[in-house]
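Participant: Take a look at the letters that make up each chain.
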Amino acid sequence: MKKILGIFGLLVAICVFTSLKSPNFLTAYNIQNLIRWTALFGIISIGVAFVIITGGIDLSIGSVIGLTGSIMPFLLVKHGWSVGPALAAVIGLSVLIGLAHGLLITKLKLQSFVVTLCGLLIYRGLARWGTGDKTMGFGSDYDGLRKLATGKIPVPGVESFTIPMPCLILLILAILAAIFLNKTIWGRYMLALGRNREAALYSGIDTDKMEILAYVICSTCAGIGGLLFALDINSVQPSGHGSFYELYAIAAAVLGGCSLRGGEGSILGVVIGAAVMRVLYNSINILGIPTQLEFAIIGIVILLGVIADELVKRYAAKRAAIVQAKVAESS
Amino acid sequence: MSDTKTPLLEVRGMSKRFPGVRALHEVSLTLGHGEVLAVLGENGAGKSTLMKILAGVQPADSGELLLDGKAVIINSVQAALDHHVALIHQELNLADNLSVAANIYLGRELLKFGLLDRQAMMAGTRVELKKVGLEVTPGALVSSLSIGQQQLVEIAKALSINAKVLIMDEPTSSLSAQETQRLFTVVNDLRDRGVSIIYISHRLGEVKELADRVTVLRDGENAGDLHRDEIDHDAMVRLMVGRDVSQFYARKQHVPGEVMLQVEDLVTSAHPQHELNFSVRSGEIVGLSGLVGAGRTEMLQVLFGVDVALAGQIRVAGEVTDFSSPRDAIGAGIALVPEDRKAQGLVLGMSVTHNIGLPGLRRHQRPCGFRNGEQEDRDTEEMIRELRVRTPGPGQISQYLSGGNQQKVVIGKWLSLRPRVLLLDEPTRGIDVGARQEIYALMEDLAAKGVAVLFVSSEMEEILGMSDRTLVMHEGRISGELLRDELSEQAVMHLATGGSAA
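Just so you know, the sequences run in chain order W and E.
Take 102 as the starting number for the first sequence in this note's numbering and just add one per residue.
Take 32 as the starting number for the second sequence in this note's numbering and just add one per residue.
A hint or two may mislead.
Listed below are the simulated SDA-like cross-link pairs for lysine to any residue, each with C-alpha atoms no more than 20 Å apart in a straight line [claimed, not checked]:
id	chain 1	residue 1	chain 2	residue 2
1	W	K284	E	P425
2	W	K210	E	V339
3	E	K195	E	A102
4	W	K253	W	L135
5	W	K253	W	L272
6	W	K427	E	I428
7	W	K419	E	G426
8	E	K195	E	H114
9	W	K248	W	N134
10	W	K419	E	Q89
FYI, nobody ran anything at the bench for these hints, they're computed from the structure.
Chain E on its own, in the form it takes in the complex:
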C-alpha cells in the first residue's frame, strides 16, 4: 500500500493477436510496491494472455513493459525470473516425483565440487518454507503433499529467486476453505514485506477481501479500475460483463418437464466413498459447481460411459441404462462437451466436416459399413449455419479455428444426433465473449426444446447466471443443492469448501 511515485511494474499499450482472435488490445496496467492487484475478467477476457506475457511465456506483439520506470524486455521465462517476476500457474508446475528442495532449486541447483550440494539446498529450502509457513521437511516428496501445500511450495520457490512481482493465477480454485485462509495469510504477509502480487480469481468474495485495487479486462481491453473503497460485487460484475447481466445470460422462465436424467446411488472410482443422487429434468439447466478436484469432471465421465460406475444406476427418461463406453451413453441419448476441447472434444487435425460427422457415422451408415458422405456434408452445413461457426469452409482443419468456433464444432457434433441429455464441462473456458454469449443462448435454446442440460463451471458468474438449479460438489460428494432464489456466491462457496447445507 505504498505510494511510491513510480510504480513497480507498468504495462503500456500491450497488444497480442492469435490467428483469428484479438487476445489483447492496447492494455495498460500498473502495480505499486507492496500492492495486491486483482486482475479480473471473464473467460476469454485476456487475463491469462497478459499474465503469460508478463512471465515471459509468450511474447507480446506490441506494447511496453516498465519495471521501476525502466523499459525492459521479457522474452523468456528466464528473463522474467531475472527481473524477479514469477508466475504461479493454476495447474501447479512441480515435478512431483522430486523432493520439495529439489523443486525449489530446479534449474539452479547448488553445487559443490561439481556435484549437487544437498545440504545447502536443504538448508536454503528450510528458510524459504518458513517464509510461507509451511511445515514439511525439505526432503519430502512433492507428491506426498496436499494441493494447498504444493501451492505454498510454488510460492516458496518464487520467493527463493527474490520475486518482487508474484503473479497468482486462480490460486484458490482447488483449495479447501482452510487452505484458502492460510493462503490469504501468506499473501498478506508477503505484501507487508513489500512483494507485489497480481492476483487472478473468479471469486469476487476473495478479491474483495484481499485486493488493494482491481483492474478489469473485457474482450482483451481495459474495462476499468476500482480502488480499495470502490470494490464491491456489483461494481466488479458491471465492469466484467459490460452489459446488463440478465441480458448476457439470456435466461427465460420455462416449466421443466419430466425427469430426463436420474442418478441413483452412483459410486465413481474417483471417490468410491460417496454415493451420488440427483436428477435433471427435461428443459432444465442445472449448474454443477465446486472446487477444482471436487469430482465434477469424474462424475460427468461416468455419466458419459468413459469411466464405469462401481455401483448405482443411471436412468435416462426413466429407462435403466448400463454403460460401458461413450458409445452406449450416446446410444441412450447422452452427449458430452468435454472439459479439454483439444484433447477430448476434437480431432484437431481433421476438418470441421469430419469432426461434426464423427459421432453420427454409425447411425447414418449405409449397408456394409459404407459412409454416408452426403448426410455428413448436410449435417455439417446445417451446423455451421445454425451455430454460426466462423470458418472458411467445411473443409477447414479444426486446429486453425479460434477457441469459440472450435467449441461450436464440438457442440455441433452432438446437436445433429438430437441428444436428450447434454453434459457440458467448463463450456466457455478459453472462449471470447461473443462466442460465450452464443453458447449460453444455445444452452437456453436446447433447454427450451426439452433437452436436460447439466453443466460444470468454475466461473461463479456463469453458475449464478445460467442455472435453474445448482448442485455443489465437495471432495467427491454432492454437498448441497441451491434453487434459483437461494443462489449466491456465498452460498455456493460455503458448500464448495465443505460447509453443510443450511
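Isolated chain W (complex conformation):
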C-alpha cells in the first residue's frame, strides 16, 4: 500500500508541476486524452503485470498489438467478415499466442525472454506479410465498433467533460484483475510461484498451469489493447503499430510496484504506473521540453522510482529484522 502511495505521489507531483507551468495541461481536452491513453496503456500493462508477477517477461506485446490491430480491419474491410466472428478470431488468436508462449516456457523450459523476443519478431513479420504491409483503417462503416475506443460517456451535470470509453473498459478489467490477484487462490498461487517456484511446487501448486495462464492473460490483454489502439487511431501501419509498447507496459508495471524478480505487484499500482508514463510524456510535450529528451526523461524518472523503492525496501527489511530479534529475546 505504501508503494502505491509513493507512485501516486509521483503522479500528483508531475500533474501539479505541469499545471503550474502551463495552462494547457488542465484543459478538458487534454485530460480526456490523457485518460483515454492511460486506459489503453493500462490495459496492456495489467496483462504484462501477471507475467512479471510470475517472474517472467513478455517482450512480444507490441507485436501482438500490431498483429491484432492489423488483422481486425483486414478481416472486416478487406474480407467483409462481420464484427462478431472477426472479434472472436482476433481475441482467439491472442489467447493462442499466450498459450504457445506459456507451453514453450513451462513444458520445454525455454526462457521467457527468448520465447517472447522471438514472438516479437514473428508476429510483426506475420502482420506485415499477411496484410501486404499496407496501412489500413476501418473507414466510416464501423463507427459503432469504433465507439469502444472513441466513445464518450457524459458526466451528469458537467457539460464540458466526458469520460472516454476505454476508461470504462480499463475499470472493468482492472477490477476483475484485482479480484483475481487478491481474492482467488490462483492469484495467490501466482504470487507464491513468482517468489519461489520450487516451494510453490512443493506446496502442491500446479505451477505450470498458473504460469501458462499468466501468459494467456498477458497476450489477451495485448490483443484487446491492439484492437482498441487500432479503433482509436483508425489508421494501422502493420510495420509500426504498437512498436515498443511492451517497454511502456513493462515500465508501467515496474513503476507500479511489480518486481522483475517476481512475486510482487498490485493492479492499482500498475494502472497508476501507466498514468505516470502518459502524464510524463504529455508534460514533456506541453512544457516544450525538446522531444529529443523524451526518452531520457522517462528513463531517469523510472530509474529514480526504482531506486527509491529499493531503498524503502531495505529500510523495511531492517525494521522487520529488529522486531524479530526482540521477539526472540523476549521468549
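Let chain W serve as the given structure and place chain E on it in line with the hints.
Facilitator: Only chain E this time, still in chain W's reference frame:
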C-alpha cells in the same frame, strides 16, 4: 602432537549473533601445531558459524583470534588464506567445468608475458597432487572425478597456498568406505608434516580414530574438551547432548498399526538400476540413513511426486497411487518437509500466514476459486500456538524467522492438512537445540496419532535416537534394515558404505 608452548591458533571469547539467534557465545578453542582437533556438536551448536568466521566467510561480533600468539584480524577469505587458514566446505567449491590445474590455481593463476602459463601450473599441480596421493592428470576435468577425488583436489588446493590450518567440514559425508580410509591416510600424513587440522564430523567413530583432541560445542557455547585418552563414544555424546539422551529424543513405545506407506519395486530416475522395497506403518518412525548422495533425497522426491517413478508402485493405506506431481501426493495424504527449507520449504518473501495457508488453499476454496481467508487465518493461529512459532505475528515475513521457527512453519503447512504419511528430509539441519527438541517431540506426537513418519538424517545421533526402525541406503539401493535392538553407529556405517546386511 607437538607440545610447543604457544598454540598455532587460538580463539578467545568469540561471539556471533544472527537476527533472533545467538549462534556463538564466548567460544574459545586452541589448536596446536600438527594437531588434529575434532570439533563436535549437534546441528545448530555453532560449529559451522565458528568455522566460517575462522575462514573469513563471516565476521565475528566480538572475540579474539591469535595465530602463533599474535592477534590477527581475518575479515575476508583472502585474509584467511594470507594467514594460511583454508576451509574445505562440505559441499565442495570447485568449478567442475575446469581442469584440476585450473582449479588449484583459481584466482592466482601463474602468468608468463601476461598470459596463462599452462605448463608451470600443470607442473605445480603435479607436485600438489602427489602430496595427497591423487593419481589423476592435472589437465583432467574436475567433473570427471569422483567425489572422493574432488575432495583430494580441494585439499591439494589448500596445500598449494601452504595452509597451516586446514578446516574440514564433514569431509566424509559423501565418501565410500574406501575413500574414507584414503582420506584418513592423507590426514595422518598432513599431521606428520606439521599441518594442523580442524575436523568436523557427525561420525563419532571417525573422530575416535583420527582426533588428538576433541572440543565440543553446544548451544553456541563451549561444552567441554576431551583429550586423546578420554575420547570415547559415550563421553562425546554426553557433552554434545548435555542431558540425558533418552530424554532429548523423547521416544515412547507404541505399537505400530497398519502399513500406511508401501513401496514396491520402485525405480527412480536417479538410480534406475535398483528397485526399492519397504514399508512404513502407521505410528512408526522410520529413519533413513546413508551417505550424502546415496539417493535418499531422490527417493523422497519420488514419493512426493516431484520426480516421476520409472517403475513400481506406491501404496498409501493399501491404495495404489499414481503421482505425477506433489499435488497428487498431497491428495493421497503424503506431506514432505524438504531438505532445503529456504528453497523448497518456504516462500521466504511471504508471510507466515501465506506460507502455512498455501497447501490448503485449494482444499478450503470457496466457489469460483475464491480464497477462504478466515480458514487460512484460523489454521495459522492454531499452528503458531501449537508449534510455538516465535514470531511477532502471523503477518511477519518468514525470511526474518530463525531457522528453527522457519522449520516449524514448514511443518505447520502440512499439519493442518492432517497427512497420513509425513516425510522429513534432514528436519533439524541448521536449527538450534531448543527447536530441535520440539521438532523431535512433534514427530513423536504425530506418530502417536497414527501418522507414518519417514525421516532422512545424516546425523548419527538423530538416527539412533529417533528411529523405531532404520533403513540404510547405499548408492541408490536399500542396503539394509536395522531394528531398534540392532541399531548402532557401526552397523549403520557398515551398511552405508556398502557392506552387506549381517
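Participant: Quick one, are K284(W) and P425(E) close enough, alpha carbons at most 20 Å?
Facilitator: Holds, at roughly 18 Å.
Participant: Would you check the hint for K248(W) and N134(W), treating anything up to 20 Å between C-alpha atoms as holding?
Facilitator: holds (15 Å)
Participant: Does K427(W) pair with I428(E) here, judged by a C-alpha cut-off of 20 Å?
Facilitator: Distance ~15 Å between K427(W) and I428(E) Cα, so the pair holds.
Participant: For the pair we were handed, K195(E) and A102(E), check the Cα-Cα distance against 20 Å.
Facilitator: holds (16 Å)
Participant: Checking one constraint from the list: CA of K419(W) to CA of Q89(E), max 20 Å. Satisfied?
Facilitator: holds (19 Å)
Participant: Does K210(W) pair with V339(E) here, judged by a C-alpha cut-off of 20 Å?
Facilitator: holds (17 Å)
Participant: K253(W) and L135(W) were given as a pair; does the straight-line alpha-carbon distance stay at or below 20 Å?
Facilitator: holds (14 Å)
Participant: Need the status of pair K195(E), H114(E): alpha-carbon distance at most 20 Å?
Facilitator: holds (8 Å)
Participant: K419(W) and G426(E): Cα distance at most 20 Å?
Facilitator: Roughly 16 Å separates the two Cα atoms, so the pair holds.
Participant: Are the Cα positions of K253(W) and L272(W) separated by 20 Å at most?
Facilitator: Since the Cα atoms of K253(W) and L272(W) sit roughly 15 Å apart, the hinted pair holds (cutoff 20 Å).
When the structure is compared with the earlier hints, no violation turns up for any of them.
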